[in-house]
Every structure is written in C-alpha cells, then in structure tokens.
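Could you slot chains B, C and D onto chain A? The hints should help.
Protein chains: 4
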Amino acid sequence: MTSPIRVTVWGENFHEQSERDRAGMAERYPDGMHGAIAAGITELLGDSAAVVTATQDQPQHGLSEEVLNTSDVLTWWGHATHAGIDDAVVDRVHQRVLGGMGLLVLHSAHFSKIFRRLMGTTCSLAWRNSGDTELIWSVNPSHPITAGIPHPIVIDEHEMYGEFFDIPAPEELIFLSTFSSGEVFRSGCCWRRGKGKVFYFSPGDQEYPVYQHPDIKRVLANAVLWAKPEQGADFVTPSVVNQPAPLINRRLIGEEVGA
Amino acid sequence: MTSPIRVTVWGENFHEQSERDRAGMAERYPDGMHGAIAAGITELLGDSAAVVTATQDQPQHGLSEEVLNTSDVLTWWGHATHAGIDDAVVDRVHQRVLGGMGLLVLHSAHFSKIFRRLMGTTCSLAWRNSGDTELIWSVNPSHPITAGIPHPIVIDEHEMYGEFFDIPAPEELIFLSTFSSGEVFRSGCCWRRGKGKVFYFSPGDQEYPVYQHPDIKRVLANAVLWAKPEQGADFVTPSVVNQPAPLINRRLIGEEVGA
Amino acid sequence: MTSPIRVTVWGENFHEQSERDRAGMAERYPDGMHGAIAAGITELLGDSAAVVTATQDQPQHGLSEEVLNTSDVLTWWGHATHAGIDDAVVDRVHQRVLGGMGLLVLHSAHFSKIFRRLMGTTCSLAWRNSGDTELIWSVNPSHPITAGIPHPIVIDEHEMYGEFFDIPAPEELIFLSTFSSGEVFRSGCCWRRGKGKVFYFSPGDQEYPVYQHPDIKRVLANAVLWAKPEQGADFVTPSVVNQPAPLINRRLIGEEVGA
Amino acid sequence: MTSPIRVTVWGENFHEQSERDRAGMAERYPDGMHGAIAAGITELLGDSAAVVTATQDQPQHGLSEEVLNTSDVLTWWGHATHAGIDDAVVDRVHQRVLGGMGLLVLHSAHFSKIFRRLMGTTCSLAWRNSGDTELIWSVNPSHPITAGIPHPIVIDEHEMYGEFFDIPAPEELIFLSTFSSGEVFRSGCCWRRGKGKVFYFSPGDQEYPVYQHPDIKRVLANAVLWAKPEQGADFVTPSVVNQPAPLINRRLIGEEVGA
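Residue numbers (the working numbering), protein chains in the order written: chain A, 3 to 261; chain B, 3 to 261; chain C, 3 to 261; chain D, 3 to 261.
Only chain A is shown next, with the shape it has when bound in the complex (with noise of 0.2 Å):
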C-alpha cells in the first residue's frame, strides 16, 4: 500500500479578492482558483492524493518550512501579485524543488520569481486577450500525462500566449496550443531540475473558467502522478562533495601490489 501523494496547491488569491474582479471571479471559481484546481485534483486521484490549498495572503504565503516538508508536489498559479513574494520563500521551494518536490506552473505564472529562478530565462511571451479559441494538441503520445487527454483539448475561448516563449528547450514537449487568430505556443513542457520534475502549462486565465474543463483537470491529475517524487525519496538537495576515495584505484594498486 503506498501513501497518498502530498499535493499543496498555491493561489495568489488576488482576482478572488479584488474591486475589479471579485464578482465574476465568484462566478467562475466560488472556491477560488485554488479551490477548484485542488477539487479537480481530488475528483480525478481520490484517494491517492491528499490535496491541501495555501494561498499569498497566508503568513509565509502558506509556505512555511513545515507545510513544504510536507508537500510531494506543489501547484503555483500567480499573476497579479509576483513581486510580493517574499525572497526567502523563494528559496524555500528552490530548495524543495532541488530535493524533490514536483512543481507545476501554471499560466501566468510563468513570471512568477520560482518559475524565471528555475530556468533561468527571462520567461518572456508573446499574449493578447482577445477570447481566441485554443486548441491543445498532444505531441508526445507515450507520456503519462497526455494519458486520456482528446487530441485537441478544445476551449473555446481564452486569452492568447503565443510564442517566442523565453525558456530553455523543454526537456519533453508534451503539448502545443493554437489560437483563433494563428498562434501557437509551446503550452506543456516538462523539465528536471536537482531532482525534482518540473511541468509548465499555459492554460487557466482568471478571466475563463478554465479549470472546471474535464480535459484541464485531467492534464493537471496526470501531472501530479508524473511529478511526483519516487517512494523512498529523500529531498535532500544537491551538494558538493569532496569524494574521499578513489574506487578503481585502490583495487588495481591492491593487486599490483599484492601480486
């Protein structure tokens, strides 16, 4: 019997909040972003996963050293509010990440300091919110987390990313988005960083009810499992090592010598 895996999904918990958009934020997530990307997680890995929420507002931004050392994956959507995270939280889930943890950054968050840390870029992209049509095509048939996912996902309408995206080559592309109006963007993209996995996907505007689709909640499910670290992980970071001694070495001088 293996353990549930450990989800914490992170909201910036911003729109949810503000004059501008509270209302139609209420109508399309009543739970938040958060919620309703933690409640499609739980709708499609049951018991598998033990989802939790963490949100900017919290102290630590939900993240203290106790709640990261206790996640096996981390789902980060942020847009409004980047700057406002604290660098020492930054840090936290760099480490984190380093050691283990699985990350998966969604749409505008690809501005967001953990997700420009982690690749090193700018993070740039090319957008326009204009209610285009995106489909989603799967490029990468064999991965877990194109498993059951329609070829194309189609939402009707959402904001446009387009490229050039400013990032490293994905290390596995899994999905390309088209847009309405002619764009194509590289919207699902997976690396490994330290030992943890890392999932880059584009879809989820505030202003689109985009994480009630079945086929979202479904990619976001797959990442989850994808992602997560494998049984007996340590989520040690990285580290320099002075390696003591040598192995070759000593066996050849033993039997020269020994002879």
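The reader is advised that the hints may include incorrect statements.
[Claimed, not checked] Some but not every residue of chain C turned toward chain A, in silico, with C-beta under 7 Å:
id, residue
1, 137
2, 139
3, 141
4, 151
5, 165
6, 178
7, 180
8, 184
Source of the hints: derived by calculation from the structure; they are not laboratory data. None of these values were measured; they are calculated from a predicted model. By construction, the Cβ of each residue, glycine as well, lies at the ideal position given by its N, Cα and C atoms.
Same frame as chain A, now just chains B, C and D:
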C-alpha cells in the same frame, strides 16, 4: 486494482546451448539468461508483473502475434545470431513498439535488428573483453529508473563497452559507465518511438553473472515500470490521417456569416 | 580560403513529367522543383556553395557512389514514387549520412525510405489540401537556421500538415507551423545521426510555389550551412572497434609495479 | 568579409596574486590564466577573433556596459571569490547572454553566480584533488566543438570532477571525462538561454597547466566559433509582447464578410 504488467523476456538462448559455452552458462545461469532476467523481475515486482519467457529457437522465435498482443513490455537479449532473426518478426515487434509496447534492449542487443531499426544508426561501439571493473553512475536522480540504485553500481568484472556509441542522442540519459581501463559508455539510455518507450542498458555479458547482481535486477525492474504503456493504451501504430474537417475555420465562418 | 560546400539537390521529378500536373508545374517551377531549390541555394550562398541537381529518373536515381562521395549536403524532395527507390541507393545514402553528409528532408519526403530509416518511426502525420494559410513561427532564436528569418513566415496558401507527426522528439526544435484551420505542426526539426546532421522542413507542396518564397529560400540556405560537415570530415561511417589497449590501467600498473 | 568575433576572456585573477599560489601560477601561467586562455584562442583563430581580457580586480570587474556591448563571446574562469562579484555585473552579463552573447563557463566557474543563475540548479558536483589522469571522450562527432579533437584527449594530471553534477540535462552533450580512480563527469555541455549559447567545459584547474594543452586550446577555439551570435544579431533580450493584431483571423473575417 490495476492489472499486472505483462512482461515477455526474450532470449537468444544460443550460448546456453553451444558446445563451447554451455558448461559455464549452466553455472552462471542454470535457467538460461532469459530465466535469470525473468526471475529478477518477478522477484522485485511480485504480483504487479506477469512474466513469461520466449526464445529464438521457438517457432516464430517465440514472438507470434498472440504473444506480442499480450505483451506490455518486451526485453531483448541477443548476441551471436542477430542475423538469424526473421525480418517478419522484426516488423511485428517494431509495429508493436510503435503502438505502445515498452522495449528493454540489453547489452549485445545493441546490434540486434530491432534496435538498429528503431535507432536509424549503426549502433556500433568499442569493446574489449578483459575483465574490467565497471562502475555505473547515475546522472538522472529524479528518473524512476534510478530509484533505489546506489551511486555507483559496482560490477567487479565485466566486458568493456566504450564510446563512441553510435546512437541518436538519448532523450533521457540515465547511466554512465566507467571501466578500470579508463573508458566510458552511455550505459543507460531512454528514447520514445511512436507510442512506445525504449530503454537500452549495457550491462549483461554472457561470460559474467551480471543478471544475478541485485542492483542490476533493480534497474531492470524499474525499467519495466517506466516502459510500460499507460492504462488504456490502444496499441495502435500511428498512421497517416487525411484530416477531414477544419476546426477553427468553421467556428469563425459560422460566427461571421451568421452575425 | 575554405572550399565551397558541395550540395546535391535531389528531386523525384515526377509531377513535373506527369500528364496531370505538368502544366501547373511548368508555371510554378519551369526548371522543376529541384531546379528551383537549387537556384535558391545558389542565389543566397553564392560562391560558398557548389550546387548540382540529381533526379530519380536518372541511372542509380542520380546518386552514384561518385555523386555521393562528392556531396557534403543532400536535399531530398519526393512524394509519389517513394516505393520506386532502389534499396541499394537508400543504403548508400544512409551510409553517407552516418559518415557525415548533411541531409535536408523536404515536405512529403517525410515518407521517403531514407527518412523513415533514419528516424525508426512511421513518420506519419495528418494532412489536408485545402489551401490553408500557414504561419511558420521560430522557437529557437539562437539557432543558425533561424538567422534572418521573420517571425512568422507567412505562406498564403499551402497544404496542411498536422500533428501527430510520428517522429523521434527533435533534438533541436526550430519551427512550429500553424494553419488557418487551427492545426499545428513541428515543421522544422534537427537531429544528428552518426556523424551526419538531418533537418526536416515541411513547407513545399508541389501544388504551391513555396520554394519561390524568399523566406523559404533563406531557411534552406541556412540549413545547408548548418548541415554541412566540419572542415576535415572523413566521411567514415562509425564501426565497431575491438579496442586493443587499456589506457589508464597500463599507466597505473606500470607505476605500481615499478616497471 | 565577416568581421572578427569579439571575445572577452574574463579571469578571477586571484590565485595569480595570492601569496600561497603566485609562485606556482607564475610558472604555469606567466600571463595569468586569462592570459593563457586568450593566447590560445588567438593562436588558433587568428584574425577571425579579436580577443581582450578582463579581470575581477578591475572597476566593475572589467565588465562595464561598454565592454559587454562589444563582446560576442565571454569566457568565465573563477574559483575562490565567486561571492565577491557584484550582483549588478551578474545582471548585466545575464541580460547580455539572453540577448545573444555566447558564454564559455570554465572549470570551477560551475559555482559562479552567472552559471548558477542560467542553470537554476545548485551546480554542485563531487571533486578530489589527487592528480588523477583525466581522459576526455567525445560523444558528439558531428558537433563543431569536437572538430579536430582526439578521442580521447589525455590530461596526465588533473583535479577530479565527478557526478552527480547538478545541472539541467545538457541540450547537447559533447564530452565525457573519466578519471584514473573511476569517476565520470559530463565535462562538455551545451545549452541555449534566450538568444545566447552557453558551453560548460570542466578542464582547467589552477594547479595544473591545462590551458597550455593543445587539445584544450582547440576545444576552446571551437567553442568560441559555436557560441558566437549569428551575423546580424541584435542583442536585444527577449521581452513580453502584447501582440496587437491577429494574423489569420483578419484574413478569414475579411473573406467571409466580403469586405
């Protein structure tokens, strides 16, 4: 409850029978190399795998349509009689891999017809059989194939396989081997082909009891878990599609014309 | 002073001759598609390239040992008569690529024998010929193949090629195409095989004058520069080596033994 | 006629000055390590490169805006005083790399601020300074960095750098090093970041005259040629774009509406 992974362990079964080798083989591998490989996978995966063996000397080399159609993962060890494999069987295995079956290619099977066909290169390498110590270092700590594997695995005596290994750049590089004479080899490599996954793993010369080594058994068991198709895989080989209907055009045209 | 890159532009030369197509072909491509491709490379690379053409209807399909032995880069366009290519010629081209010759595979040559052999997959795709607009977006701004290329290239009318394109994951992904109907395609892809480089580029259907497009000419010229072998290349196909002498052992043994 | 590649060779210039090391450094590197690296590049690239040096002890560490704005390729060697580098200079180098400047990161600069920022990982490794023999094997025979390089390069005595090296998987793996004690290291690795190219090359400890080795000089000269920006590069860092106008929509809408 998921059903067990159906693993077919294929062996050339030549050295086991040959006059020159059979005495030594019987000591190292009383049930044949295929028997030892199958036993190791069963030992480590238990009820989650259903393992059978097949050998080259059987009708259709033991790889009838029926056998392949009930194989989720195939392991392939061959050395002396690659040329004797019927091309129709190679075609069949090739189609099954492209349709989703995992394939583990072991040691001297770098020169097998199926591996060369999947790679598109000569798959040639440097070698020398002089009982070198081999150290197998992991360079991919978050990959499921390295779970529970020491760094390095030590094989006291083994044939040397060295670079240049003429393969396409591995999509995921898992292990690097060094030898007491200073050579290096990309000894654990992953690729995806069609809907299937391919893992090449170099340890396993017939003159050394490598498949009795507990760490080597663990690598093979991990690789079976990695290479298995996703639940619900259809095993249909990708094929050309004359895509009938545009998706976005229609919507736009409808909207505009109906406005 | 470096010597010019020797480029052989190979064409199927079928549509140019066929009763059904020859009138239209003569308009779009008065010197054949191979003639247009060759002219574009010459126009852009000038004295730094020495370009010749060869066609399927010539003896040995125009690809004798002598021709291949004096080719640094080969471009390949075929469509209707892939099956008619002599396997001995495919073998020869394959060996030359593995030995170091660059190969540019164009449009419908995704189904050519040589490309399928180098890839190891079906190379199948989705298609529809309905005069879609194609936009070609660059996702690799530091790659030499994208130098001087607009983002996107616009092709007013073209055949649609769409995903899933059954190829090994490109080692370098250069271009993504979108179509007015919403499809997407990995339209510019690089791989290395043996000592040779392979570039697949999808634009170029015979029914549209795509190779007269200045940006497409530029892509092909850039690709010739990228795919050319390094100065001093020996064009020797990698082969198995029984490596005679250990390197480090000797030194260590010598030291220890005191010899 | 193309203009020369503007190369800035940056050196920490600490061991050259330190009481403990300066006598030995003066023997191995009478003009400093940066002087030796610069001389090697000049020796091999001649008029096609214009090489200058800069050191940490200069104002702005020798890397003013003016210097960077006239650098096509920067090489970086540092070891003892990484922490002393002004973050504003790191920011500037980072922006320049993302805008298109090539960067060669040498030996102990794996722990430099700029490399860790570009990689997003700890960049930690195993090491031991016990005069091991290092063999550098090429695994990428068609890559320009390996042109004219023996297989292997032999360095009689050197510090050992071993796996696990905590870096993102190299986009192109070029060299693997083995050591007489049996360790292995991914010693030559390529990545692209933004519009720039990054090459890490591990040989070059200050206690050994590695940069006087003709094969090492050749690798660095080849790497300069690989890392240089394309002709016409604009060195503009990628940035976010609010893309104003849809491309395909307009055409379709226009056609349908009949406007």
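Problem - Proposed interface contact between residue 184 (chain C) and chain A, which counts if any beta carbon pair is under 7 Å - result: 5 Å, holds
Handout entry: Interface hint status, residue 180 (chain C) versus chain A (Cβ within 7 Å)
Key = Holds: closest Cβ of chain A sits about 5 Å from residue 180 (chain C), inside 7 Å.
Problem - chain A contact restraint on residue 178 (chain C) - CB to CB distance below 7 Å - result: 5 Å, holds
Practice task
Grab the minimum C-beta distance from residue 141 (chain C) to chain A and call the hint holds if it beats 7 Å, violated otherwise.
Solution key: Because about 5 Å separates residue 141 (chain C) from the closest Cβ in chain A, which is inside the 7 Å limit, the hint holds.
Handout entry: chain A contact restraint for residue 139 (chain C) - C-beta distance below 7 Å
Key = Status holds, d = 5 Å.
Practice task
Hold the hint about residue 165 (chain C) up to the distance rule: shortest CB distance to chain A must be less than 7 Å.
Solution key: 5 Å, holds
Problem - Hint status (Cβ of residue 137 (chain C) to nearest Cβ of chain A, threshold 7 Å) - result: 5 Å, holds
Problem - Supplied contact hint for residue 151 (chain C), tested at 7 Å Cβ to chain A - result: 12 Å, violated
Hint compliance for this structure: hint 4 alone is broken.
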